[in-house]
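Read top to bottom, the protein sequences are chains Z and D.
To get the numbering used here, take the position in the first sequence, counting from 1, and add 775.
To get the numbering used here, take the position in the second sequence, counting from 1, and add 1213.
Since the hints were made in silico from the structure, they are not lab data.
If you're wondering where the values come from, they're calculated on a predicted model, not measured in any experiment.
Warning: the hint list may mix true and false statements.
Claimed, not checked - Chain Z regions said to be covered by chain D (calculated; three or more residues, Cβ under 8 Å):
| # | stretch |
| --- | --- |
| 1 | 1164–1178 |
| 2 | 1203–1214 |
What the hints assert, rightly or not - In silico DSS-like pairs for lysine-lysine, Cα to Cα no more than 27 Å straight-line:
| # | chain 1 | residue 1 | chain 2 | residue 2 |
| --- | --- | --- | --- | --- |
| 3 | D | K1329 | Z | K1188 |
| 4 | D | K1283 | Z | K1188 |
| 5 | Z | K1144 | D | K1307 |
| 6 | Z | K1060 | Z | K1092 |
| 7 | D | K1329 | Z | K1196 |
| 8 | D | K1238 | Z | K1213 |
| 9 | D | K1307 | Z | K1188 |
| 10 | D | K1328 | Z | K1244 |
| 11 | Z | K1018 | Z | K956 |
| 12 | Z | K1220 | D | K1216 |
| 13 | Z | K1182 | D | K1283 |
| 14 | D | K1307 | Z | K1220 |
| 15 | Z | K1196 | D | K1287 |
| 16 | Z | K901 | Z | K884 |
| 17 | Z | K1195 | Z | K1220 |
| 18 | Z | K1195 | D | K1238 |
| 19 | Z | K1281 | Z | K1312 |
| 20 | D | K1307 | Z | K1148 |
| 21 | D | K1287 | D | K1307 |
| 22 | D | K1216 | Z | K1196 |
| 23 | Z | K961 | Z | K901 |
| 24 | D | K1328 | Z | K1182 |
| 25 | D | K1328 | Z | K1195 |
| 26 | Z | K1213 | D | K1216 |
| 27 | D | K1216 | D | K1307 |
| 28 | D | K1238 | Z | K1182 |
| 29 | Z | K1245 | D | K1287 |
| 30 | D | K1283 | Z | K1244 |
| 31 | D | K1287 | Z | K1233 |
| 32 | D | K1238 | Z | K1233 |
| 33 | D | K1307 | Z | K1233 |
| 34 | D | K1217 | Z | K1233 |
| 35 | Z | K1150 | D | K1307 |
| 36 | Z | K1245 | D | K1309 |
| 37 | Z | K1034 | Z | K1020 |
| 38 | D | K1258 | Z | K1195 |
Glycine included, C-beta positions come from ideal geometry on N, C-alpha and C.
Okay, here's what each chain looks like letter by letter:
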Amino acid sequence: MGAKNTIEKNKSNRWTFIGLAITTIAVLTISAYCFYSGRFIVHQNLFYIPIVISCMFFPRKGFIFSVILSLVYFLLVLYFTKDPAIILQALIRVFVFVIIAGIITFLSKKHTRIEEELRESKLKFKTIFDSSRDAVMLLTPEKGFFEGNPATVEIFGCRDKSEFIRMSPADLSPEHQPDGKLSTVKAQEMMTIAMEKGSHFFEWTHKRVNGEEFFADVQLTRMKWQNRMVLQATVRDITERIKSKKAMMNLLEDLQDAKVFLESSISSFHNIVAKSIDGIVIVDKTGIVQFTNPAAETFLSQRKKKLIGQSFRFPIKTGQTIEIDIIRDNKEPGVAEMQVVETKWTNQPAWLTLLRDITERKRAEEKIKEAMKTKSEFTSVVSHELRTPLTAIKEGIALVFDEVVGKINDEQKQLLGIAKKNVDRLARLINDVLDFQKLDSGMMKFNFGFNNINEIIKDVYRTMAPSAKKAGLDVLLELDDGLPQCSFDNDKITQVLINLFANAIKFTKTGNITIKTGRSSDSIRVSVSDTGCGIKKEDMSKIFNRFEQLCSGGERKTGGTGLGLAISREIIEQHNGKIWFESTFGKGSIFTFTLPVCDTEDILRKYINNGTKKTSKNKLGDKK
Amino acid sequence: MNKKRILIVDDEPDVLMLTSLRLEKLGYEILTATNGEEALAVIQKERPDLVLLDLIIPVTYGTELCRRVKNDEKYRETSIILYTAHGEFMNEQKAKRCGADDYIAKPFDSDELTKKIERLLAEPAVRNE
């Protein structure tokens, strides 16, 4: 039965009732007439009409009506006849009526129940259909939509259902689907599949009436609808889901990236740590070893005993480097330098201990030290061996030259004078070479102390003035009396001054030599200027080089070692001062050096540093 | 006035000879020794006014000998001049720390040496204080 019948049931009931009433009256009238005329058999079958109708359409009530009607029939028969055979026949007929009414009622009732159930389920379906939050619609591939629930109207943004039904699937989709296919073509494909397979589930991009697009899951199900095959479509807006899915995918991708990055950094960390030739040990604050790399395992190996979990057997001191005995790769004993820094291990403060195998370095240092020692011993022996005969030669010549052992003539004296001068030069060369070697190798020791530079210049002046006078040069002193305190090594600065002074005398034929002191912002300045030959531009860069002796006027002056300025520069630089010169070729030169002015604190620091230097040197010595 | 007596201690016979010659000519009485033990014996026996002492002499090191002499009440007044060809190990301050009165590096300038000797021999009174 169709839905229409159910809907129009009340209406038909009324007409059935009227029909039934008329039929009943008609039957009763005809029967009464027939009975009256004495015919009992033929017309009694007429009673089946109202009985059947009533029982069919009004179960229960129809049955009671049928029973009453049967009784009426029986009473009519009793009224019109006394014939027992007819009465018996009528009685049987009444029974037949009742039985037939019962059967019909039973069948009809069953039918009604089925009908009601159907109606109920239809109602349920209707309710679900209408109240579903998913858009549910019916369509055929040929005609498009013909039914849709309120959610459908809403999802596509239609004003009402009639507007929706006027739409075609193409109206409610963009021209192309995300895969590039035309929506009309693809929609047809989908519907064909659903028709063939019975159902089809797919994703679809829809378009609302206002043009807004949205992603949807579409379930197409083939179904029979009023004797034809239609498709039921369920459309669910999954824009939010896709959005969150996308966000989730992005998040997953990020996570994946992070994971890859983390994994690679962990593996490179492990790689670095494992391959590090330095030993790495993590010790927690209770002194228990928490981690070691292979190098550390080797260095600290203790007969197969694992280090992890044991207490660390070396003192932990941050900011200090200590040397510890280790076992090297080749099982030989060695020395490692251990440094400790604060770190975190599994989020707990811990110590990171770095062990660097310095065995080779120490060996190399030992070799260097040995070589240095040999070199310095050699130099020392050589200089002694040179000086001793020189002493005898010098004294021998001097004795004859000074005429201690008898008169000599002028020519002899001149020749001996040359010999004497060259012996002195040789002696100076030995001293300079030795000095330079000491400065160069850092073995020169400086005795810093507060000294008055002006006094030292006066001393040097007293020593050097005679030779200047001999060379016919005036010496002028322009000393600043208000110089601040300054710490330097008296002997070394004297050496520098003598050197500069001697150079000035050596390269000046006429004129004068001026020694000037003054102060700059944080240093005192000493300059020695002359009116000598000056320095050629091309020679300027060579001035402080060792063994560099410049020719003045094409003629090489004798008496220098070529080390004087190199030594002077070393000395000044060791004082943290600067030495430089200005010169005009043919007019003269000015050599200037500075010594830093220091307050007491600086001096103290210098002393301490000097002390540390010495200590470290000693330490170095100890190591070797 | 008696001649001032100078002991020259050096293991180099040439230097010893030449230095002796000059100082003798200057009017000093010269004693010589070529090693530490010998020098100590001479000092104890002859009581020289001044010792010209080489730093590196056999048996006893010059500085050691210098200390020994200067730490002995009896010989404290003896002037000592340390001299050496090992200029890199020694300087005036160091020599004075060992008790020496003066220092001169080899090869020395004869004038400088004689000046130092003269000065030391002229001022014993001052040093005695």
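Quick rundown of the hints versus the structure:
Given a C-beta distance limit of less than 8 Å, the hint that chain D covers the stretch 1164–1178 of chain Z holds, as 11 residues qualify and 3 suffice. Coverage of a stretch by a chain is defined here by at least three residues with a beta carbon nearer than 8 Å to that chain's beta carbons; for the stretch 1203–1214 of chain Z and chain D the count is 3, and the condition holds. Distance restraint check for D:K1329 and Z:K1188: the Cα-Cα separation of roughly 26 Å lies within the 27 Å cut-off, and the hinted pair is therefore satisfied. For a cut-off of 27 Å, the pair hint linking D:K1283 to Z:K1188 is broken: about 42 Å separates their Cα positions.
Straight-line distance between C-alpha atoms of Z:K1144 and D:K1307 comes to about 25 Å, which keeps the hinted pair within the 27 Å bound. A hinted pair counts as satisfied when its Cα atoms are at most 27 Å apart, and Z:K1060 with Z:K1092 qualifies at roughly 12 Å. Taken as a hint, the D:K1329 and Z:K1196 pair is honoured in the structure, with Cα atoms around 22 Å apart against an allowance of 27 Å. A threshold of 27 Å between alpha carbons decides the hint, and for D:K1238 with Z:K1213 the separation of about 39 Å lies outside it, so the pair is violated.
Between D:K1307 and Z:K1188, the direct Cα distance comes to roughly 38 Å. Violation of the 27 Å bound is thereby established for this hinted pair. Proximity of D:K1328 to Z:K1244 is assessed by CA-CA distance (about 22 Å); at most 27 Å being required, the pair is judged to hold. A hinted pair counts as satisfied when its Cα atoms are at most 27 Å apart, and Z:K1018 with Z:K956 qualifies at roughly 23 Å. With a C-alpha separation of about 42 Å, the suggested pairing of Z:K1220 with D:K1216 is violated against the 27 Å cut-off.
In summary, the hint linking Z:K1182 to D:K1283 is not supported, as the alpha carbons are separated by about 41 Å, beyond the 27 Å threshold. Distance check on the hinted pair: D:K1307 and Z:K1220 sit about 13 Å apart at the alpha-carbon level, within 27 Å; holds. With a C-alpha separation of about 43 Å, the suggested pairing of Z:K1196 with D:K1287 is violated against the 27 Å cut-off. Simply put, Z:K901 and Z:K884 have alpha-carbon atoms about 25 Å apart, close enough for the 27 Å limit, and the pair holds.
For a cut-off of 27 Å, the pair hint linking Z:K1195 to Z:K1220 is broken: about 31 Å separates their Cα positions. Taken as a hint, the Z:K1195 and D:K1238 pair is honoured in the structure, with Cα atoms around 20 Å apart against an allowance of 27 Å. In summary, the hint linking Z:K1281 to Z:K1312 is supported, as the alpha carbons are separated by about 19 Å, within the 27 Å threshold. Restraint check: the Cα-Cα separation between D:K1307 and Z:K1148 comes to about 22 Å, which is no more than 27 Å; the hinted pair holds.
Taking the CA atoms of D:K1287 and D:K1307, the gap is near 23 Å; set against the 27 Å cutoff, the hint holds. Distance hint between D:K1216 and Z:K1196 is unfulfilled; the C-alpha atoms sit about 33 Å from each other, more than 27 Å. For the suggested pair Z:K961 and Z:K901, the alpha carbons sit about 30 Å apart, so the restraint of at most 27 Å is broken. Taken as a hint, the D:K1328 and Z:K1182 pair is honoured in the structure, with Cα atoms around 23 Å apart against an allowance of 27 Å.
Taken as a hint, the D:K1328 and Z:K1195 pair is honoured in the structure, with Cα atoms around 19 Å apart against an allowance of 27 Å. Distance restraint check for Z:K1213 and D:K1216: the Cα-Cα separation of roughly 43 Å exceeds the 27 Å cut-off, and the hinted pair is therefore not satisfied. Our distance criterion of 27 Å between C-alpha atoms is broken by D:K1216 and D:K1307, whose separation comes to about 30 Å. Proximity of D:K1238 to Z:K1182 is assessed by CA-CA distance (about 14 Å); at most 27 Å being required, the pair is judged to hold.
As the CA atoms of Z:K1245 and D:K1287 are separated by approximately 47 Å, the hinted pair breaks the 27 Å bound. Between D:K1283 and Z:K1244, the direct Cα distance comes to roughly 42 Å. Violation of the 27 Å bound is thereby established for this hinted pair. Restraint check for D:K1287 and Z:K1233: the C-alpha separation of about 40 Å exceeds 27 Å, so the hint is violated. Of the pairs offered as hints, the one joining D:K1238 and Z:K1233 is violated, with about 35 Å between alpha carbons and a cut-off of 27 Å exceeded.
For the hint pairing D:K1307 with Z:K1233, the CA-to-CA distance comes to about 24 Å; that is within 27 Å, so the pair holds. Taking the CA atoms of D:K1217 and Z:K1233, the gap is near 34 Å; set against the 27 Å cutoff, the hint is violated. Distance hint between Z:K1150 and D:K1307 is fulfilled; the C-alpha atoms sit about 24 Å from each other, no more than 27 Å. The suggested pairing of Z:K1245 with D:K1309 is violated, with an alpha-carbon distance near 34 Å, which exceeds 27 Å.
Restraint check for Z:K1034 and Z:K1020: the C-alpha separation of about 20 Å stays at or below 27 Å, so the hint holds. Only pairs whose Cα atoms come within 27 Å are accepted, and D:K1258 paired with Z:K1195 is rejected, the gap being roughly 38 Å.
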